[in-house]
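Take these sequences, add in the hints, and give me the full structure.
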Amino acid sequence: MELSGSQMVIEALRKENVSVVFGYPGGAIMNVYDEVYKQNHFKHILTRHEQAAIHAADGYARASGEVGVAFVTSGPGFTNAVTGLATAYMDSIPMVVISGQVPISMIGTDAFQEIDAVGISRPCVKHNYLVKDVKDLPRILKEAFYIARSGRPGPVHVDIPKDVTAQIGHFAYPAEIKMQTYKPTYKGNPRQIKKAIEAIVASKRPVLYIGGGAINSNAAEEVREFAKICGIPAVETLMARGVMGHENPLLLGMLGMHGCYSANMAMSEADLMIAFGSRFDDRVTGKLSEFAKHAKIIHIDIDPSSIGKIVPIDYPIVGDLKNVIEAMIPLAKEHVEADRYKPWRDLLNRYNEIHPLKYEDSNEVIKPQWAIERVGELLGDKALICTDVGQHQMWSAQFYPFSYPRQWLTSGGLGTMGYGLPAALGAKVAMPEKTVINFTGDGSILMNIQELMTAVESQIPVINVILNNQFLGMVRQWQTFFYDKRYSSTDLTMQPDFVKLVESFGGRGFRVKSKEEFDKALEEAVASNTVCMIDVNVDRFENVLPMVPAGGTLYNMMLEYKE
Amino acid sequence: MEHIRRVLSVIVLNEDGVLSRISGLFAGRGYNIDSLTVAPIPKTNLSRLTIVTSGNAPVLEQIVKQLHKLIPTYKVIESGQFVEKELALVKIPLNEDFNGLDAMLKAYNGTIASSGEEFIVVMVADDYDRIDNFLKAVKKYNPTDIVRSGSVALDM
Ligand SMILES: Cc1ncc(C[n+]2csc(CCOP(=O)(O)OP(=O)(O)O)c2C)c(N)n1
Ligand SMILES: [Mg+2]
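The listed protein sequences derive, respectively, from chains A and B. Each step along the first sequence adds one to the number in this note's numbering, with nothing skipped, and position 202 is 202. Each step along the second sequence adds one to the number in this note's numbering, with nothing skipped, and position 35 is 35.
Simulated from the structure, these hints should not be mistaken for laboratory data. Backbone N, C-alpha and C fix where the C-beta goes; we use that ideal spot for every residue, glycine too. Possibly wrong hints are sitting among the right ones.
[Claimed, not checked] Chain A is faced by these chain B residues, among others (derived, beta-carbon under 7 Å):
(1) L13
(2) G28
(3) K65
(4) K69
(5) I71
(6) T73
[What the hints assert, rightly or not] Heads up, simulated DSBU-like pairs for lysine-lysine below, C-alpha to C-alpha not over 30 Å straight-line:
(7) A:K293 - A:K228
(8) A:K183 - A:K204
(9) A:K358 - A:K342
(10) A:K382 - A:K434
(11) A:K187 - B:K106
(12) A:K135 - B:K75
(13) B:K69 - A:K296
(14) A:K194 - B:K75
(15) A:K132 - B:K75
(16) B:K69 - A:K183
(17) A:K132 - A:K38
(18) B:K106 - B:K136
(19) A:K309 - A:K183
(20) A:K287 - B:K69
(21) A:K183 - B:K65
(22) A:K43 - A:K15
(23) B:K69 - A:K195
(24) A:K367 - A:K562
(25) A:K309 - B:K106
[As the list claims (entries may be wrong)] Computed Cβ-Cβ distance ranges for the label pairs, DEER-style:
(26) A:R486 - B:K139: 53 to 59 Å
(27) A:R486 - B:G30: 28 to 34 Å
(28) B:A113 - A:A166: 48 to 54 Å
(29) B:V147 - A:N189: 42 to 48 Å
(30) A:M30 - B:S35: 30 to 36 Å
(31) B:G116 - A:M106: 40 to 46 Å
(32) A:S289 - B:G24: 27 to 33 Å
(33) B:R130 - A:R486: 57 to 63 Å
(34) A:Y37 - B:S54: 52 to 58 Å
(35) A:E457 - B:S54: 52 to 58 Å
(36) A:M106 - B:S35: 32 to 38 Å
Put into structure tokens, the structure is as follows:
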């Protein structure tokens, strides 16, 4: 089949069963957009900023498990996309992002809207390509999708010069992938697996430390089964919320900087840690020399470079988590006795009774934690939860009752304010039957506010719940704790009228000052079937607790803040 | 922890931008590059990079893993069994007294690579630490320019 480069892009997306693309056109990618116009295989959603197109594709990928796809133009279109790429890369999200580039003959001449896109994207993508010949395009697109979704997933960037999108070439989409140099390992080494089981049998205080890899590997069911067979208590990272399910008696909660007491104590007192697709982020470990210092460590990860990067590992297993746990389950059934860990489980449960996650509710002012719990009570597993970045994000992670994987979308690794709304749009497109909530802050929401227009135009009804503390709250909290309350550039009392703002886009707004108003607004928002903004006035000076100050130790948490 | 010198032979697809992926990896993650040489492997689509790096043991382990992780990386060889050679060119003014230079060149597998009206250029190819020694010894001839190639290495 003879096709132009642009037609090849459309055909490749069709072969990959892509049903939606998020994007924003411009000169260098106009040939592709011309073909977008002519086709009806996939839907194109025009965002109002390239960063949002990437976050939306990312939200789509996280919610669905499929590869998210976005188009942007060269120069500023691409540079606007970089934050989105970096966000997805840090959280290992599968995406293919196609950017236009100036024609090959003009590369290197500082042409209009020329930027070295692959030079910029290189450190924030899993892989990238600059397509120099239309004949390479089918193979490159095939590889791009394969690389994005295989192994440790991640974004792949394909930069296509304008003349390549116009050139005609032979199109035969490769049926199979043949890459000489890239072959991820899926199966764990059986000898290592056996040793890991022996270590579990020998342990008295084991803990499962579950990371985002459990979600990427679609391993939640296996993780739950393994935990149950072994009777091993589990902690989840920010990225892993939903893997165990909030009703699971073995789940202690989230660990780390704002983790719960029992989860952090479990890590500190364990004699064996079983890391399932987690990467020992500094927000999880606290001071490394004190981190889980009594524990031997089993680490299962598909990325060999994750293993031993931060702490030395006693039992490394390279492989796909789902695959490896499937191999561990029969051995666990045979050798591990769940009763053996009962005293340990009892101890941790007692820790949880002594210091549960808590906040002091009020009848005068809405506490942000209450609002999150309330959405949990009213919507529970019917809702997908997205967030922006800050205090509201941590409270959402702490207080929402997550029941299943992919219910929770948050920028963990990069911590990108402005992620929430566009990601919510992507999630809603992927899962139209779910209610999609974006818990956001009065700071973050303004970082991609233009996407209200996308939501209205493309009829993507998501509900933004602004936990409005009139502060860059998380930064304000650090200033309170560590900078003698010098509130440098964090006061946000100067604000737009969020209700009028959303209404000017054609959505619906609610201002909420009491619990009754909150319930009513949420109910109306869910029923409204349009994009909504619920502006909730919350206690301005509420702090996220408990807290392990940066570089502190997990067993020495700040449980409350005293003036 | 002990700082270790390590020679890595990295076989990669010979494609656009592969060198920038490698140098970018080292720069971005704060790893040392003491020297780097690269050339295509004849009759293949591959190139061989010889990288001399240093760091403590966990850092060296990460370097190898991160190199492996790059999509175009075919193989990373870190065997201790390398034949490793470096080349140095040294430019010496002709007004120097060359007494003993011949013997010195002999001792370091060296030759006179070129001679002109005002300078000679000598060339030595040897182990990197012997090159160090040679460059110290050759100082007495007041060289005006010295260039070192970086290591090339082959595993045994
Ligand atoms: C793009 C970006 N800029 C700056 C930061 C640093 N930062 C982290 S949290 C935060 C405050 C967020 O304020 P808001 O959205 O109101 O959330 P709150 O903490 O008040 O809940 C800031 C500025 C960031 N994470 N991302
Ligand atoms: Mg705020």
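Each hint, compared with the structure:
Hint on L13 (chain B) holds. Least Cβ distance to chain A is approximately 6 Å, under the 7 Å limit. With 7 Å as the threshold, the beta carbon of G28 (chain B) comes within range of chain A, its nearest partner Cβ sitting at about 5 Å, so the hint holds. For K65 (chain B), the shortest C-beta to C-beta distance to chain A is roughly 4 Å, which falls under 7 Å, so the interface hint holds. Residue-level restraint check for K69 (chain B) holds (minimum Cβ-Cβ distance to chain A is 5 Å; threshold 7 Å).
Using the Cβ-Cβ criterion of 7 Å, the hint placing I71 (chain B) at the interface with chain A is satisfied: the shortest such distance is roughly 4 Å. Annotation: T73 (chain B) was flagged as interfacial toward chain A, and the flag holds, the nearest CB pair being 6 Å apart, inside 7 Å. As the CA atoms of K293 (chain A) and K228 (chain A) are separated by approximately 25 Å, the hinted pair is consistent with the 30 Å bound. A distance of roughly 37 Å separates the Cα atoms of K183 (chain A) and K204 (chain A); the hinted pair therefore is violated under the 30 Å criterion.
Our distance criterion of 30 Å between C-alpha atoms is met by K358 (chain A) and K342 (chain A), whose separation comes to about 26 Å. A hinted pair counts as satisfied when its Cα atoms are at most 30 Å apart, and K382 (chain A) with K434 (chain A) qualifies at roughly 6 Å. For a cut-off of 30 Å, the pair hint linking K187 (chain A) to K106 (chain B) is broken: about 55 Å separates their Cα positions. Between the alpha carbons of K135 (chain A) and K75 (chain B) the distance comes to roughly 27 Å, so the proposed pair stays at or under 30 Å and holds.
Distance restraint check for K69 (chain B) and K296 (chain A): the Cα-Cα separation of roughly 26 Å lies within the 30 Å cut-off, and the hinted pair is therefore satisfied. Between K194 (chain A) and K75 (chain B) the CA atoms are separated by roughly 29 Å; this keeps the pair inside 30 Å, and the hint holds. For the given pair, K132 (chain A) sits about 26 Å from K75 (chain B) by alpha-carbon distance, which is consistent with the 30 Å threshold. Between the alpha carbons of K69 (chain B) and K183 (chain A) the distance comes to roughly 10 Å, so the proposed pair stays at or under 30 Å and holds.
About 25 Å separates the Cα atoms of K132 (chain A) and K38 (chain A), which keeps this hinted pair within 30 Å; it holds. Among the hinted pairs, K106 (chain B) with K136 (chain B) is consistent with the structure: their alpha-carbon atoms are about 16 Å apart, no more than 30 Å. Between K309 (chain A) and K183 (chain A), the direct Cα distance comes to roughly 21 Å. Compliance with the 30 Å bound is thereby established for this hinted pair. Proximity of K287 (chain A) to K69 (chain B) is assessed by CA-CA distance (about 28 Å); at most 30 Å being required, the pair is judged to hold.
A distance of roughly 14 Å separates the Cα atoms of K183 (chain A) and K65 (chain B); the hinted pair therefore holds under the 30 Å criterion. Proposed proximity of K43 (chain A) and K15 (chain A) is supported: the alpha carbons are some 15 Å apart, at most 30 Å. Of the pairs offered as hints, the one joining K69 (chain B) and K195 (chain A) holds, with about 26 Å between alpha carbons and a cut-off of 30 Å not exceeded. Distance hint between K367 (chain A) and K562 (chain A) is fulfilled; the C-alpha atoms sit about 18 Å from each other, no more than 30 Å.
Using a Cα cut-off of 30 Å, the hinted pair K309 (chain A) and K106 (chain B) is violated, with the two alpha carbons roughly 47 Å apart. The supplied range of 53 to 59 Å is met by R486 (chain A) and K139 (chain B), whose beta-carbon atoms lie about 58 Å from each other. Here the CB-CB span from R486 (chain A) to G30 (chain B) is close to 32 Å, well matched to the stated 28 to 34 Å. Checked against the hint of 48 to 54 Å, the pair A113 (chain B) and A166 (chain A) passes, with Cβ atoms roughly 51 Å apart.
Distance hint check for V147 (chain B) and N189 (chain A): the Cβ-Cβ separation is about 47 Å, which falls inside the suggested range of 42 to 48 Å. Between M30 (chain A) and S35 (chain B) the C-beta distance comes to about 46 Å, which lies outside the given range of 30 to 36 Å. Checked against the hint of 40 to 46 Å, the C-beta distance between G116 (chain B) and M106 (chain A) comes to roughly 43 Å, which is consistent with it. A hinted range of 27 to 33 Å for the beta carbons of S289 (chain A) and G24 (chain B) is consistent with their spacing of about 31 Å.
For R130 (chain B) and R486 (chain A), the hinted distance range of 57 to 63 Å is satisfied, since their beta carbons lie about 60 Å from each other. Distance hint check for Y37 (chain A) and S54 (chain B): the Cβ-Cβ separation is about 56 Å, which falls inside the suggested range of 52 to 58 Å. A C-beta distance of roughly 56 Å is found between E457 (chain A) and S54 (chain B), which places it inside the suggested range of 52 to 58 Å. Checked against the hint of 32 to 38 Å, the C-beta distance between M106 (chain A) and S35 (chain B) comes to roughly 35 Å, which is consistent with it.
Violation of the numbered hints given earlier is confined to hints 8, 11, 25 and 30; the remaining hints are satisfied by the structure.
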